[in-house]
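What follows is the residue order along each chain.
2 protein chains.
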Amino acid sequence: MEEKEISQAVISRLPRYFRYLGELKDQGIERVSSQELSDIMKVTASQIRQDLNNFGGFGQQGYGYNVEHLYREIGRILGVDQSHGLIIIGAGNLGQALVNYGNFERRGFIFKGVFDKDPRLHGKKIRDKEVQPMENMKSFVEANNIDIAVLTIPKTEAEKVAEQLVEYGIKGIWNFAHVDLNVPEEVQVENVHLSDSLMKLAYNISRSRKGGDSG
Amino acid sequence: MEEKEISQAVISRLPRYFRYLGELKDQGIERVSSQELSDIMKVTASQIRQDLNNFGGFGQQGYGYNVEHLYREIGRILGVDQSHGLIIIGAGNLGQALVNYGNFERRGFIFKGVFDKDPRLHGKKIRDKEVQPMENMKSFVEANNIDIAVLTIPKTEAEKVAEQLVEYGIKGIWNFAHVDLNVPEEVQVENVHLSDSLMKLAYNISRSRKGGDSG
Chain A
1 MEEKEISQAV ISRLPRYFRY LGELKDQGIE RVSSQELSDI MKVTASQIRQ DLNNFGGFGQ
61 QGYGYNVEHL YREIGRILGV DQSHGLIIIG AGNLGQALVN YGNFERRGFI FKGVFDKDPR
121 LHGKKIRDKE VQPMENMKSF VEANNIDIAV LTIPKTEAEK VAEQLVEYGI KGIWNFAHVD
181 LNVPEEVQVE NVHLSDSLMK LAYNISRSRK GGDSG
Chain B
1 MEEKEISQAV ISRLPRYFRY LGELKDQGIE RVSSQELSDI MKVTASQIRQ DLNNFGGFGQ
61 QGYGYNVEHL YREIGRILGV DQSHGLIIIG AGNLGQALVN YGNFERRGFI FKGVFDKDPR
121 LHGKKIRDKE VQPMENMKSF VEANNIDIAV LTIPKTEAEK VAEQLVEYGI KGIWNFAHVD
181 LNVPEEVQVE NVHLSDSLMK LAYNISRSRK GGDSG
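Those protein sequences? They're chains A and B, same order as listed.
The first sequence begins at 1 in our numbering and counts up one residue at a time.
The second sequence begins at 1 in our numbering and counts up one residue at a time.
Careful: at least some of the hints might be erroneous.
The list makes no distinction among identical chains, and a pair is therefore deemed to hold if it is satisfied within one copy or across any two copies.
Said to hold, decoys possible - Below, computed lysine-lysine pairings styled on PhoX-like, alpha-carbon distance capped at 20 Å:
| no. | residue 1 | residue 2 |
| --- | --- | --- |
| 1 | K42 | K138 |
| 2 | K112 | K42 |
| 3 | K138 | K112 |
| 4 | K155 | K124 |
| 5 | K155 | K25 |
| 6 | K160 | K138 |
| 7 | K117 | K155 |
| 8 | K160 | K124 |
| 9 | K125 | K42 |
| 10 | K42 | K25 |
| 11 | K155 | K42 |
| 12 | K25 | K138 |
| 13 | K125 | K25 |
| 14 | K155 | K210 |
| 15 | K117 | K42 |
| 16 | K210 | K125 |
It should be emphasised that the hints constitute simulated quantities derived from the structure, not laboratory data.
Taking the hints into account, I'd like the entire structure generated from these sequences.
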């Protein structure tokens with residue numbers, strides 16, 4: 001079936017729908033109107049209808065959306081019905097935090113290995129995996145069906161490591177290094193630039209101060 | 001001077017301009033054209049001109065932008081010329097990773113304290129600060145001019161803690177808990193929903209597989 005091109009803005013909102021629908025499902029709620037979703041998600045009902053229309057007719061006039069069905073469909077669209085093998089490069093605090101973040105496995109992201117260049121960390125166990133030297137990366141990626149690499153290394157090293165990972169056939173990079181990576185188009189990159197996010201917060205704080213509460 | 005309302009989309013891009021300009025500045029480069037910025041940032045030159053026009057005439061025909069000036073102005077707009085006192089709630093791996101992320105201090109975010117409800121962590125030092133019990137939060141926020149609280153706690157606790165922080169007068173919350181917080185309008189929230197980001201990556205991987213390379 002042909003799926004039309006969907007904007008990155010809509011895609012950015014899908015995980016949030018998925019999260020809210022999962023919560024409704026866990027509460028045993030079977031159906032929900034766009035208005036109810038609007039109330040809990042603080043998004044307009046028309047935005048919700050527009051977004052979900054991108055994926056065909058999940059809603060029915062006068063009935064609303066079937067929660068279980070919509071949850072499963074969005075999950076399928078997001079690809080969380082498939083599992084993704086994942087390795088983490090950088091066994092520092094952030095890398096460890098991500099390994100221990102159990103939620104990912106529930107979504108089909110399977111943590112398979114962790115790598116670091118620091119020999120003092122080699123052999124140390126994070127969850128049930130030993131930290132491996134960078135030299136093992138190539139054979140490990142090739143042997144273990146790894147889709148996704150998570151970069152929690154300094155920006156000075158990130159570009160070189162990303163290049164290697166691309167060469168080894170990785171499909172996606174979840175990049176926490178504070179640099180925009182240059183990779184071929186067919187490799188997907190999702191950036192989490194923490195400083196950028198914190199600066200945006202600072203901006204909004206100083207704006208709201210200037211604006212006062214005259215609104 | 002009156003500043004016009006600037007869209008969140010533009011604001012989201014400002015930290016990235018700031019980052020690139022900082023790098024140019026560190027390389028001793030004095031001026032840059034929108035075309036040159038376009039090449040290194042992989043954004044169209046017209047987008048750059050449009051974005052920067054929001055903040056008045058930093059560019060000059062035939063000369064380009066003065067790097068140092070533009071860097072300083074964007075920094076001022078972002079509020080990184082002011083310092084922000086910051087506390088971290090949750091002394092787990094993620095909280096520790098953030099504390100140790102030295103870059104924040106360079107941008108004016110001053111780490112002042114860390115709190116956790118787990119008594120086994122109390123007194124433990126992260127950088128030079130002892131982990132404190134949650135009960136100390138109120139007096140600490142009030143006494144130390146704290147603007148920003150960083151939530152690296154489970155979502156089940158995040159709402160209650162956010163409510164308390166608002167009551168204590170916090171101005172902004174940098175939220176890593178996987179929940180959307182309900183706070184008064186004058187309190188700014190910046191979310192880092194890691195699962196959402198990872199799901200977006202998975203989506204883009206599965207799209208690019210389906211699409212093949214017929215483009």
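Hint check:
In this homomeric assembly, K42 and K138 never come within 20 Å of each other (Cα to Cα): the closest approach is 45 Å inside a single copy and 29 Å across copies. Neither within a single protomer nor between protomers do K112 and K42 lie at most 20 Å apart by alpha-carbon distance, with minima of 37 Å and 33 Å respectively. Proximity of K138 and K112 under a CA criterion of 20 Å is satisfied intra-copy only: 14 Å inside one chain copy versus 42 Å between copies. For the homomeric pair K155 and K124, neither the shortest alpha-carbon distance inside one copy (24 Å) nor that between copies (29 Å) is at most 20 Å.
Taking identical chains as interchangeable, the C-alpha atoms of K155 and K25 lie at most 20 Å apart only when they sit on different chains, with a minimum of 17 Å there against 40 Å within one chain. For the identical chains of this complex, K160 and K138 are intra-copy neighbours only, at 14 Å inside a copy versus 45 Å across copies, given an alpha-carbon limit of 20 Å. Taking the shortest Cα distances, K117 and K155 sit within 20 Å of each other inside one copy (14 Å), while across copies they are farther apart (33 Å). For the homomeric pair K160 and K124, neither the shortest alpha-carbon distance inside one copy (24 Å) nor that between copies (36 Å) is at most 20 Å.
Taking the shortest alpha-carbon separations for K125 and K42, neither the intra-copy value of 42 Å nor the inter-copy value of 39 Å comes in at or below 20 Å. Taking the closest pair of Cα atoms, K42 and K25 come within 20 Å of each other only inside a single copy of the chain (19 Å); across copies the shortest separation is 41 Å, beyond that limit. Only between protomers do K155 and K42 lie at most 20 Å apart by alpha-carbon distance; the minimum there is 18 Å, versus 36 Å within a single protomer. Within a single copy, K25 and K138 get their C-alpha atoms no closer than 41 Å, and across copies no closer than 36 Å, so neither meets the 20 Å cut-off.
Taking the shortest alpha-carbon separations for K125 and K25, neither the intra-copy value of 36 Å nor the inter-copy value of 41 Å comes in at or below 20 Å. Neither within a single protomer nor between protomers do K155 and K210 lie at most 20 Å apart by alpha-carbon distance, with minima of 34 Å and 31 Å respectively. With identical chains, the CA atoms of K117 and K42 are never at most 20 Å apart, being 44 Å at best within one copy and 30 Å at best between copies. Within a single copy, K210 and K125 get their C-alpha atoms no closer than 49 Å, and across copies no closer than 37 Å, so neither meets the 20 Å cut-off.
Checked against the numbered hints above, the structure violates hints 1, 2, 4, 8, 9, 12, 13, 14, 15 and 16; every other hint is satisfied.
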